[in-house]
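Novice: The chain contents come next:
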Amino acid sequence: EAAVTQSPRNKVTVTGGNVTLSCRQTNSHNYMYWYRQDTGHGLRLIHYSYGAGNLQIGDVPDGYKATRTTQEDFFLLLELASPSQTSLYFCASSDAGTGFSDYTFGSGTRLLVI
Amino acid sequence: GDSVTQTEGQVALSEEDFLTIHCNYSASGYPALFWYVQYPGEGPQFLFRASRDKEKGSSRGFEATYDKGTTSFHLRKASVQESDSAVYYCALGDRGSALGRLHFGAGTQLIVIP
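Those sequence lines, one after another, are chains A and B.
Each residue of the first sequence is one higher than the one before, starting from 15 at the first, in the numbering used here.
Each residue of the second sequence is one higher than the one before, starting from -18 at the first, in the numbering used here.
Among the clues, some could well be false.
Stated by the list, open to error - Restraint ranges, calculated between C-beta atoms of paired labels, are given here:
(1) A:SER21 - B:GLU(-4): 33 to 41 Å
(2) B:GLN62 - A:ASP87: 38 to 46 Å
(3) B:ASP48 - A:SER21: 37 to 45 Å
(4) A:PRO75 - B:SER(-5): 41 to 49 Å
(5) B:LYS35 - A:VAL28: 51 to 59 Å
(6) A:THR81 - B:SER(-16): 38 to 46 Å
(7) A:THR53 - B:ILE94: 17 to 25 Å
(8) A:SER115 - B:SER7: 17 to 25 Å
(9) B:GLY22 - A:GLY54: 13 to 21 Å
(10) A:THR81 - B:THR46: 38 to 46 Å
(11) A:SER121 - B:GLY(-18): 24 to 32 Å
Honestly, the hints are just simulated from the structure, not real lab data.
Backbone N, C-alpha and C fix where the C-beta goes; we use that ideal spot for every residue, glycine too.
Modelling step: build the complete structure from the supplied sequences, incorporating the hints.
Specialist: Okay, here's the thing in structure tokens:
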């Protein structure tokens, strides 16, 4: 079954720490996305990509880097983590040519920055 | 830019009550409109979509009608069950963009009391 898998499921780091969140999709989709979910704000797009080596800036990119190494793998990097980045992070994939109906989310990574 | 507004942050109902969750959008042209549902511990899941004025989308007893005149896509269900308790997201897809992305509302938490 096609899927989006995120790791780790939970992560705790200290302020100023270095964190990498991983996402792998087996949907053969060309687009991948990183969102953060916060109460009162819903899902906000951080970065996205339409293929290996490509990166597009989303709506809340400050403090985040991302890299798409293959069609399957998309990483979110926090090089100097801050408490404001404590959040629930979701990865998603889509083949936009299908009109977004195949937008598939992972189960999320909960990050706590102390 | 494109945006989606959900006015209710939380809705509490009793089983068999009628549900309405309001969604209004701001975008040019005819964007695709979506409803997603998110259960605890999971990522959002596609519920249904509509792509043109007066089109009705539906799934699992939920429905919404695309209304360009009022720029709305309100979610309705005639009789809710406890199992419908979840967070519901309205989303907009910019079909005019070459880069596939969705704009999500802030989400509405539905609590159904047995």
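Novice: Report the numbers of all earlier hints that the structure fails to satisfy, in ascending order.
Specialist: 6
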